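Residue numbers (the numbering used here), protein chains in the order written: chain F, 1 to 416; chain G, 1 to 214.
It is worth saying that the hints were derived from the structure and are not from the lab. Warning: the hint list may mix true and false statements.
[What the hints assert, rightly or not] Label-pair restraints from in silico Cβ distances:
no., chain 1, residue 1, chain 2, residue 2, range
1, F, K214, G, K166, 51 to 61 Å
2, F, E48, G, R165, 47 to 57 Å
3, F, S357, G, E115, 17 to 27 Å
4, G, A167, F, R223, 30 to 40 Å
5, G, K3, F, G411, 41 to 51 Å
6, F, H298, G, E116, 43 to 53 Å
7, F, R377, G, Q6, 14 to 24 Å
8, F, R376, G, Q6, 50 to 60 Å
9, F, S113, G, R95, 31 to 41 Å
10, F, T100, G, R95, 36 to 46 Å
11, F, G57, G, R112, 48 to 58 Å
12, G, R95, F, E48, 31 to 41 Å
13, G, E115, F, F99, 40 to 50 Å
14, F, S357, G, R88, 38 to 48 Å
[Claimed, not checked] The calculated DSSO-like cross-link candidates involving lysine-lysine, where the alpha carbons are at most 27 Å apart (straight line), are:
no., chain 1, residue 1, chain 2, residue 2
15, F, K184, F, K143
16, F, K184, G, K166
17, G, K25, F, K184
18, F, K145, F, K47
19, F, K138, F, K39
20, F, K214, F, K225
[What the hints assert, rightly or not] Simulated coverage check for chain F against chain G, where a stretch passes if three residues somewhere in it have a Cβ under 8 Å from a Cβ of chain G:
no., region
21, 16-29
22, 178-184
23, 356-367
In this text, all values refer to a predicted model and were calculated from it rather than measured experimentally. Virtual Cβ for every residue (Gly too), placed ideally from N, Cα, C.
Next come the chains, spelled out residue by residue.
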Amino acid sequence: MPSSKKKNNHHRLEDYAPIVTSGVIKEIEELAHLFGPVKMVHVNSTKEGGGVAEILGWFIPILEDLGMEVKWDTITGDTEFFTVTKKFHNALHGMHEDFTEEMFRTYLDNVQSNAPVIPEDADFVVIHDPQPAAMILKYPERKNKWAWRCHIDLSVADLRVWSFLRPFVECYDAAVFHMPQYTKNLMSPQFLLPPAIDPLAPKNEELTDEEMSKIMVKLGVPRDKRIIVQVARFDRLKGPFGAIKAFQMVRRWHDARLILAGGSATDDPEGQAVLAEVMEMVEGDEDIHILDLPPDSHREINALQRVADVVIQNSTREGFGLTVTEAMWKGKPVVGTDIGGIRHQIMHGVSGFLTHSVEGLAYRIRQLFGNPGMARRFGTQAREYVRNNLLVPHHIRRWLLLFHSLRQSNGDVITL
Amino acid sequence: MAKPFQFFTEQGIVYYSTFKADNLKSLLTGLRGVPSSSIFYHLYHSLLRRHFTTTDYMNDFAQWVWGVLWHKTLGEKLASFDPLEFTRIRDARARLIEIVDNYVGESEYFLRVPEEQAFYFLCVKSFIYPVGIKASNLHELIQALRIVSPQSLFYHLIESRLRLRKASNDLSIWLEEDMEQPELASKINAISPYEYNLEEIRNRIITLLHNAVK
């Protein structure tokens with residue numbers, strides 16, 4: 001459903017009314033109106049590239065449309081600082097990294113020197129992710145409300161890094177996580193705010209059959225057999241090898257094609273190596289299509305998800321799994337690993353299947369191929385789940401509620 | 001002249017209670033100690049979160065016990081627990097504890113699940129506010145019901161029982177007391193949110209109202 005009402009190339013909240021109903025939009029507008037004039041600042045590490053910048057890119061204009069004054073700032077730093085914060089990022093995800101005292105000093109020195117200035121009259125300050133987390137220390141006399149928004153999975157965080165960051169996080173009025181499994185033992189309140197997808201964005205907007213066919217021709221994938229799709233960057237954690245093995249089991253019974261579509265960033269040597277291994281594994285197999293797509297291939301991803309009969313997500317770790325959300329929004333039955341955000345989204349046996357092995361993945365794909373009615377029913381339920389929980393308006397509503405919570409921290413039932 | 005029915009909504013933000021359970025015993029400990037808003041979230045609010053579907057088990061406790069702990073008998077007992085029979089969270093909590101405690105008392109072993117499958121007791125902070133829609137008669141009520149959000153329906157049909165501490169919802173109470181439609185009020189009150197999702201309930205109420213104004 002492409003929208004014609006755009007302001008500065010951004011969608012307005014009312015554009016989403018045909019999708020989530022005008023009643024829902026009206027209630028969100030009222031929630032914003034109840035604030036009166038509000039000023040807020042968001043700080044992250046970049047305005048270009050990455051999921052956080054992408055979210056803030058659509059999130060901030062909508063808040064401004066709702067009458068809020070929003071400033072978006074970034075923390076600057078030299079290569080040394082960002083090398084350290086990249087190591088923090090990896091270690092917080094549970095990867096092994098070596099640290100020295102010097103690295104922690106580099107982090108603190110940079111935050112002290114390069115953190116943006118927060119205006120005194122800002123009502124709310126939202127700091128995204130670890131890079132600028134310590135900047136709260138610069139404002140010991142602060143009167144505004146501060147929230148730390150964590151976009152990463154801290155469930156297996158390296159204790160050296162987490163113990164270093166934790167005292168800063170506990171200075172905030174609230175910490176905000178995607179899911180309960182990512183929360184930590186903190187003195188401050190921990191709110192849960194899952195991410196969302198934009199149904200009007202090129203990656204998710206409706207496509208005609210003709211548009212989809214053109215894209216599939218361009219990608220070189222015939223639509224002559226049933227199609228299984230996994231969208232994920234080429235990374236071992238996304239389980240591409242297991243997906244191929246599962247497909248080989250399915251193919252003994254069903255004529256089908258497997259598409260593994262994703263990107264492999266040029267600055268990620270491991271991604272290139274995984275892609276090369278995958279290519280070697282499927283060499284000569286005309287029913288398996290490995291598509292290494294550029295980062296702006298939104299309509300291509302959209303078409304691939306829409307032509308799929310079954311979408312799979314065979315990851316062994318997943319922050320939230322927005323590719324699952326995207327496929328569910330397109331009414332597809334999704335078979336995903338029973339982990340993290342995938343488990344959070346799929347109701348097993350109601351809106352998709354959760355699996356624990358390659359064999360389980362193959363079995364559930366076969367089950368869906370053999371039961372088109374079940375596949376359709378799952379797809380319908382999946383789309384309704386996303387329509388009711390994981391679209392842009394829900395995300396805006398949750399943030400507004402969080403701001404109201406920061407203002408009125410007492411009690412669990414508040415009449416506005 | 002009868003006073004109009006004013007539509008409100010209830011919007012909630014979820015936070016972590018800092019208590020999680022990894023087996024039946026710790027579930028029981030949690031049930032005894034978590035804030036009321038956590039019981040509300042897992043028992044009542046779950047109806048709103050899954051309002052578009054009718055799944056096997058609508059409350060979170062039953063889902064976890066059945067789907068993760070694999071205690072099928074207890075899962076069924078918890079699933080059949082109807083929170084709408086209670087007008088106070090404290091009574092619903094007491095009944096839940098009784099059901100789980102009885103089962104725990106009969107068991108010798110307690111399966112412990114890994115942390116990623118633990119039951120996280122979550123709380124909801126609810127904000128209630130008017131949505132600017134009123135109905136003064138049945139025709140206006142039909143129009144309003146077509147557009148109000150699922151959260152508003154939840155507030156009036158489910159949450160209102162706790163707020164008013166009555167075995168009825170406030171829409172039915174308004175129909176009975178202000179519109180003098182006791183039969184219609186009773187029929188609406190008899191629609192179970194456990195048997196129909198909120199959209200089906202919305203349509204059923206609109207059909208009942210249509211029949212009443214014919």
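| said: Hint by hint, where does the structure go against what was stated? Just the numbers, ascending. | reply: 4, 5, 6, 7, 8, 9, 10, 11, 12, 13, 16 and 23
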